[in-house]
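With the hints as extra help, turn the sequences into a complete structure.
So the sequences go chain by chain: A and B. Positions in the first sequence are counted from 1; adding 33 to them yields my numbering. Positions in the second sequence are counted from 1; adding 12 to them yields my numbering.
A few of these clues could be false.
Distance condition first, Cα-Cα at most 25 Å in a straight line; then the derived DSS-like pairs of lysine-lysine [unchecked claim]:
1. B/K326 to A/K121
2. A/K121 to B/K327
3. B/K365 to B/K420
4. A/K43 to B/K28
5. A/K121 to B/K274
6. B/K139 to B/K109
7. B/K165 to B/K139
Here chain B is said to cover these stretches of chain A; the calculated rule only asks that three of the stretch's residues, wherever they fall, bring their Cβ under 8 Å from a Cβ of chain B [unchecked claim]:
8. 68-77
9. 87-94
10. 109-121
Worth flagging that the hints you see were computed from the coordinates, not collected in a lab. All residues carry an ideal CB built from backbone N, CA and C; glycine is no exception.
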Amino acid sequence: MRAVVTVVGKDKTGIIAKVSSFLAERSVNILDISQTILQEYFAMIMLVDLSDAKIQLSSLAEECSRLGSEIGMSIHVQHEEIFNAMHKI
Amino acid sequence: MFNYGEVLETINMVEKEHLDIRTVTMGISLLPCISGTAEKTAEKVYDTVCKKAENIVKVTSELSREYGIPIVNKRVSVTPAALICAPFADKSYLIGKALDNAAKELGIDFLGGYSALVHKGMSDYEKQFISSIPEVLANTERLCSSVNVGSSKSGINMDAVGLMGEIIKKTAEKTADRDGFGCAKLVVFCNAVEDNPFMAGAFHGIGESGNVINVGVSGPGVVQHTIENIPNANLSELAEKIKRTAFKITRAGQLIAREAAKRLDAEFGIVDLSLAPTPARGDSVAQILEEMGLESVGTHGTTACLAMLNDAVKKGGVMASSRVGGLSGAFIPVSEDIGMIEAAERGTLCIDKLEAMTAVCSVGLDMIAIPGDVSSSTISAIIADEAAIGMINNKTTAVRIIPAPNKKVGDTVNFGGLLGRAPVMPVHSESAEKFILRGGLIPAPIHSNKN
Numbered sequence: 034m035r036a037v038v039t040v041v042g043k044d045k046t047g048i049i050a051k052v053s054s055f056l057a058e059r060s061v062n063i064l065d066i067s068q069t070i071l072q073e074y075f076a077m078i079m080l081v082d083l084s085d086a087k088i089q090l091s092s093l094a095e096e097c098s099r100l101g102s103e104i105g106m107s108i109h110v111q112h113e114e115i116f117n118a119m120h121k122i
Numbered sequence: 013m014f015n016y017g018e019v020l021e022t023i024n025m026v027e028k029e030h031l032d033i034r035t036v037t038m039g040i041s042l043l044p045c046i047s048g049t050a051e052k053t054a055e056k057v058y059d060t061v062c063k064k065a066e067n068i069v070k071v072t073s074e075l076s077r078e079y080g081i082p083i084v085n086k087r088v089s090v091t092p093a094a095l096i097c098a099p100f101a102d103k104s105y106l107i108g109k110a111l112d113n114a115a116k117e118l119g120i121d122f123l124g125g126y127s128a129l130v131h132k133g134m135s136d137y138e139k140q141f142i143s144s145i146p147e148v149l150a151n152t153e154r155l156c157s158s159v160n161v162g163s164s165k166s167g168i169n170m171d172a173v174g175l176m177g178e179i180i181k182k183t184a185e186k187t188a189d190r191d192g193f194g195c196a197k198l199v200v201f202c203n204a205v206e207d208n209p210f211m212a213g214a215f216h217g218i219g220e221s222g223n224v225i226n227v228g229v230s231g232p233g234v235v236q237h238t239i240e241n242i243p244n245a246n247l248s249e250l251a252e253k254i255k256r257t258a259f260k261i262t263r264a265g266q267l268i269a270r271e272a273a274k275r276l277d278a279e280f281g282i283v284d285l286s287l288a289p290t291p292a293r294g295d296s297v298a299q300i301l302e303e304m305g306l307e308s309v310g311t312h313g314t315t316a317c318l319a320m321l322n323d324a325v326k327k328g329g330v331m332a333s334s335r336v337g338g339l340s341g342a343f344i345p346v347s348e349d350i351g352m353i354e355a356a357e358r359g360t361l362c363i364d365k366l367e368a369m370t371a372v373c374s375v376g377l378d379m380i381a382i383p384g385d386v387s388s389s390t391i392s393a394i395i396a397d398e399a400a401i402g403m404i405n406n407k408t409t410a411v412r413i414i415p416a417p418n419k420k421v422g423d424t425v426n427f428g429g430l431l432g433r434a435p436v437m438p439v440h441s442e443s444a445e446k447f448i449l450r451g452g453l454i455p456a457p458i459h460s461n462k463n
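What follows is the structure in structure tokens.
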């Protein structure tokens with residue numbers, strides 16, 4: 034199962050490192066990653082694969098949201114299909 | 013991979029613009045529960061509902077976390093109870109109680125279907141069932157009731173309309189300690205739909221299969237935001253934008269509906285794309301209309317704005333889902349919409365204007381408080397007007413009106429939560445009693461003869 038991880042917040046050093054090691058600890062594989070600065074804000078979108086993950090998608094979403102509050106970023110993890118449904122015909 | 017705009021748009025819709033799945037409603041047929049006695053039937057009803065919907069709360073909260081979209085309400089609708097109570101209508105209350113207990117057991121906030129369909133005629137057992145409504149609504153918490161009194165195909169059953177005026181009054185009196193709260197759980201329909209997932213009017217139609225999932229999506233805030241972003245657009249451009257937004261919202265609903273049906277081992281029924289407001293600011297249909305250019309909802313131009321909104325929402329929704337159903341359009345419940353509440357308090361929004369609005373939106377006079385001393389025949393006449401609009405225009409109309417005991421025009425009735433607060437609105441004081449007492453059937457319109 035694939036999911037989209039979105040990280041948004043004020044730019045600072047080490048965001049990608051923190052998030053990717055957090056995912057690696059849970060055996061969540063990163064398939065694609067894209068990052069930019071949008072109006073002074075850090076924005077990153079990752080496509081991840083949970084096939085070998087040690088964790089369910091719903092728990093991953095909760096844990097990432099907690100990690101987000103710890104590092105002062107907003108982190109969302111959502112099933113890939115929601116974006117396919119809403120933005121592709 | 014997705015682009016930033018798309019991903020962030022979805023997240024913004026949820027975080028800032030109140031996009032949510034308003035309800036996942038499981039429709040359950042109670043026909044297999046009919047037994048020899050009321051007691052036995054009630055027992056089977058309780059067991060069936062508890063078993064079929066056992067996982068509804070668990071599954072919907074999982075889906076909500078996985079897809080990152082809030083699912084606000086989990087509900088159940090059942091076969092109109094009057095059908096299964098027919099052999100023992102004097103004990104209908106037992107079925108009502110069993111349904112309410114099942115809702116509590118499941119942990120859902122409302123269960124709909126304490127309903128009767130009497131649009132062409134009313135048998136004694138149906139009359140007896142309807143007469144039980146005030147008592148049942150007063151003694152249950154989560155049960156919702158509805159009665160269909162007319163249809164474009166059959167006309168309007170004015171005997172039922174007359175009776176419902178009295179039933180609404182009695183329901184208000186029996187729940188007088190809560191400002192007539194019982195009436196917030198009672199809807200009178202013309203052209204009721206069989207797959208509506210929204211309360212209080214949801215029931216599981218007789219033409220439906222045994223166990224289905226219907227999903228209601230909402231997003232007044234998202235539509236309002238879309239309009240805010242193009243302040244100088246003309247109305248054709250606006251309609252186009254609303255359509256696109258409705259499309260995206262409905263697609264999210266369709267995805268959740270299919271997945272919920274799969275996990276709950278039910279059939280996917282329909283997606284109902286209705287702009288259903290809540291009392292929260294930024295989640296209001298009235299504010300959409302005001303964003304379109306009205307100083308206040310209720311002023312001249314309101315009906316035209318609402319007509320355009322309702323139509324654009326439907327067009328976007330129909331394209332987005334393989335099965336659109338329910339009411340699909342814009343809701344205008346006064347107490348549940350901060351913009352409507354404020355306009356009613358200012359006196360800009362009156363019942364007559366609301367009635368005109370119901371001719372072009374998806375429902376009817378909804379969550380309106382009127383003085384407690386209004387006569388039952390006046391309430392029946394309000395129902396008759398609404399039913400006439402529905403019958404002639406081939407659309408669903410409904411009346412959910414609260415004659416708040418001991419309250420006068422200018423007072424406010426507070427129901428709290430999603431049901432909000434309603435300023436008590438004036439009604440015409442001239443009588444319609446003679447008209448209502450005539451009874452009989454208003455024949456179906458000429459354009460119903462299509463065979």
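Here is how each hint holds up against the structure:
A hinted pair counts as satisfied when its Cα atoms are at most 25 Å apart, and B/K326 with A/K121 qualifies at roughly 19 Å. As the CA atoms of A/K121 and B/K327 are separated by approximately 17 Å, the hinted pair is consistent with the 25 Å bound. A C-alpha spacing of about 20 Å is found between B/K365 and B/K420, which places the hinted pair at or below 25 Å, so the restraint holds. A threshold of 25 Å between alpha carbons decides the hint, and for A/K43 with B/K28 the separation of about 18 Å falls inside it, so the pair holds.
Under the criterion of a C-alpha separation no larger than 25 Å, the hint pairing A/K121 with B/K274 is consistent with the structure, at around 22 Å. As the CA atoms of B/K139 and B/K109 are separated by approximately 19 Å, the hinted pair is consistent with the 25 Å bound. About 22 Å separates the Cα atoms of B/K165 and B/K139, which keeps this hinted pair within 25 Å; it holds. Counting residues of the region 68-77 of chain A whose CB falls under 8 Å from any CB of chain B gives 3; the rule of at least 3 is met.
Counting residues of the region 87-94 of chain A whose CB falls under 8 Å from any CB of chain B gives 3; the rule of at least 3 is met. Using a Cβ-Cβ cut-off of 8 Å, 10 residues of the region 109-121 of chain A lie near chain B, which meets the minimum of three, so the contact claim holds.
Consistency with the previously given hints is maintained throughout, with no hint failing.
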